[in-house]
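Please build the complete structure, drawing on both the sequences and the hints.
For the protein sequence lines, the chains are A and B, in the order given. Take the first sequence: its letter number 275 is residue 275 in the UniProt record's numbering, and every next letter is one higher. Take the second sequence: its letter number 331 is residue 331 in the UniProt record's numbering, and every next letter is one higher.
Among the clues, some could well be false.
With a straight-line Cα cutoff of 20 Å, these simulated SDA-like cross-link-like pairs (lysine to any residue) come out [what the hints assert, rightly or not]: (1) B:Lys230 <-> A:Asn64; (2) B:Lys455 <-> B:Trp326; (3) A:Lys78 <-> B:Asn379; (4) B:Lys187 <-> B:Ile151.
To spell it out: a stretch of chain B is covered by chain A in this simulated footprint if at least three of its residues, at any positions, have a beta carbon under 8 Å from a beta carbon of chain A; those stretches are [said to hold, decoys possible]: (5) 265 to 272; (6) 448 to 461.
Rather than coming from a laboratory, the hints here were simulated on the basis of the structure. Nothing here was measured: the structure is a model prediction, and the numbers come from that model. In this text, a Cβ means the ideal position worked out from N, Cα and C, and glycines have one as well.
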Amino acid sequence: MPHVLLSDSIAVELEAQEPWPQPITLYQPYEVEQILLPDNANCLAVQAFLKMCQLNFQIEPRKNAEFMSPSGRVPFIKCGTKLISEFDGIVTHIASKGVSLSDHLDSAAKVDMRAYLSLVNNVFVNAELYICWVDTAILNAVTKTRHGSVYPWPLNHYLNWQKRREVIKKLNVLGWYNKSLDEVYDDVRKCCIALSERLADEEFFFGKDKPNELDALVFGHIFTIITTPLTPNNKLAMIVRNHPKLVNLCKRIENSLFSPQAIDSQTNETLEFKN
Amino acid sequence: MGIVHAKEPFGNSSGIAQSPKDNENKHDESPTGNFPTLLNNKSRIQKEEENAQAKRIVLQAVKARVDKIHVDGLMRTKDDIIKPQVMDLFKATNFEDVIVRASKVREKLDALGCFRQIGIYVDTSQGPEATPDGVEVTFKVSEMKRLVGGISTMVGNNEGSLIIGARAPNLFGRAERVQMEYSYGNKSSINFNVSAIKPFPQSLYNAVLSGTVFCTTHDFPWSGFKQNDKGLLFDMEFNQTGTSKHNVQYEAAFRNITCSKQAAFHVREQCGPNLKSALRYIWTIDKRDSTIFPVSGSLLRLTTEMAGLGGDIGFLKNELIMQSNWSPFEFLTFQLGLQSGLLSTISNDMKISIADNFFLGGPLNLRGFDMRGCGPRYNGNSVGGDMYWAAAFHVYTPLPFRPGRNSFGDLFRLHGFINGGNLSNFTFTHDLYSENMKIFTENIRCAVGGGIAMKLGNVARIELNLIAPLLFTRSDVLQRFQFGIGVQYL
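Laid out in structure tokens, this is it:
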């Protein structure tokens, strides 16, 4: 379809002409009653990234954020007239405007960073999806009620079923669906070990002074995993808490970026619990 | 098509309501009468004598009493649904009455949807129980097969699709039927529709119950979104008289709205699934002689829809459609069409989706404007409004010099028209009345034009028009040349 390509290139042209910075609006599902673990991690990662870039943005909760998003996944941001979805797309877009957190890195470090980004995306995201949609205990206790909370009966049941089918299809393709819960925990543990080793005793993943997108993404996932109450036993959080380096990184980023009043109490609670 | 056979000759002059077949017979005869024939004088005189004799018989004066009614050819159809349909015929008192009532009975039998063919035979009654004026009426029917189906293809709406249809008429012998249609498009859109229909012809109001399960996909590029509906529809129809009809419907639909890539953000905000659960009441009075090219009579349809019995969509929607026809001469018909609608919220918790809004414009709607070409727009996408009105005044004439008269040529009409309307949103201000009455005074759209209209199978209509828009606003999308095909028209 030639006209799609054409319109795409026109959009790119137009985008180049648009002034910067523009007001950014971030669209995501309702945090309190609706959002699920994987989406929350991604939204938080984007929020952290935007704050690290010192860009001002507004958070706009919408119950149909997932359906509004051009790629079908949350979060997405609206810059002027342009819509960009998901963490990677947003990072690329912001970089194209000349705001980048990883410009100072040499090419080897950049490749390294990309490898870690995709490690986090592969392991944490899939593990979170597995926990939410495949593990029956959490599916019934948490996921179904939250995901369906914004829809009327009987639409909530249908959409839960539909979403679960989609997620299972995706996990099946990636070879995660056939894993047991213990295998999933094991993968997460390995990923945490790899990240801890990389972090070592540094302040951030790449360099002492400045966080970059990998820090944002890891923060999003780790923070969400340790603060989200999942019944009956939150084994995933236990695993992550066994890696104090990562937890401390989270704490540092949280204190430096987010207003402590908003989430501090929650964090302290969980971190104390760990200690 | 049944043919009325009578032993006694009768003329056409007595003003009986003729079946279409009779009309055709008449027309078939007339050319041979006018033709400079090779008939010899003798036979011509004979014919004229016969005609003169026939004219003297007034059918109303011929007493008749229906002694017996036979219905021939019933295999699986139960007697109890046929009986009430034909009972009316026993009330006939003269011969004209017999013929009129017989053709009405045939219409009723036809409406049951069980028979492929229905023929009427009228004979004098014979046998020991025959009365002096007695006649016997026989309906020869042939039932439909148990399963009727077909496969066809359709191109339209930027998509080609394959349609598979099947029908099981007269399932249990009491005119129940199940019908289904499934279409698969090349953009892998699936539409299907399964309905079960059960008429109650014996009941007082001639009720028909039907239940439908449907799944449809509609693409609205003018508004930048695609709508997928899955749902149920229950319909109760009461046909009190031939012209007045009441429908009470309940619809529960799961609707998914997906927007196109370049859609305006206002449209994008509407994306996602919603559930509509609505009760609808439709009252139709249709006194027109034909639905597509009526010559006389008028139509009134009132629709009230209330959504919000469960689900997350809530509104109250009222719509009025009127049409009136007047023919001062045989070759001239004036038609006035009027439509209006009002959509109002019923609760703050329930929202109204873009799919529920009214839209205006299109080749069979407000001509001169593109599909959904009028009213509020965001970034080139029509988003619709809460209230609208549209009116059209048509003048129809047959084709000049009447080519193909009484056959192919009757499918066409030339028409000139002027149409206008407006679509806007209901505003809540302190001066509610005058603020909302501005829809009739400000930003009115109007266009005049003319063209050719064609009737397609007595259900749809095709129009090819040349239009000059007179009044419009800057954001409207105008079209000077329009081609339209559709079932409903303004």
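Practice task
Please work out if lysine 455 of chain B and tryptophan 326 of chain B have their alpha carbons no farther apart than 20 Å.
Solution key: holds (19 Å)
Exercise for the section: Compare the distance between the alpha carbons of lysine 78 of chain A and asparagine 379 of chain B with 20 Å, and conclude whether the hinted pair is satisfied. Expected result: holds (16 Å)
Handout entry: Pairwise hint evaluation, asparagine 64 of chain A against lysine 230 of chain B, where the allowed Cα distance is 20 Å at most
Key = holds (19 Å)
Handout entry: Annotated coverage of the stretch 448 to 461 of chain B by chain A, confirmed only when three residues or more have a Cβ within 8 Å
Key = Coverage by chain A is violated here, the residue count being 0 at a Cβ distance below 8 Å.
Handout entry: Three-residue Cβ test at 8 Å for the coverage of the stretch 265 to 272 of chain B by chain A
Key = holds (count 5)
Handout entry: lysine 187 of chain B paired with isoleucine 151 of chain B [C-alpha distance capped at 20 Å]
Key = Judged against 20 Å, a Cα distance of about 19 Å means the pair holds.
Checked against the numbered hints given earlier, the structure breaks only hint 6 and satisfies all the rest.
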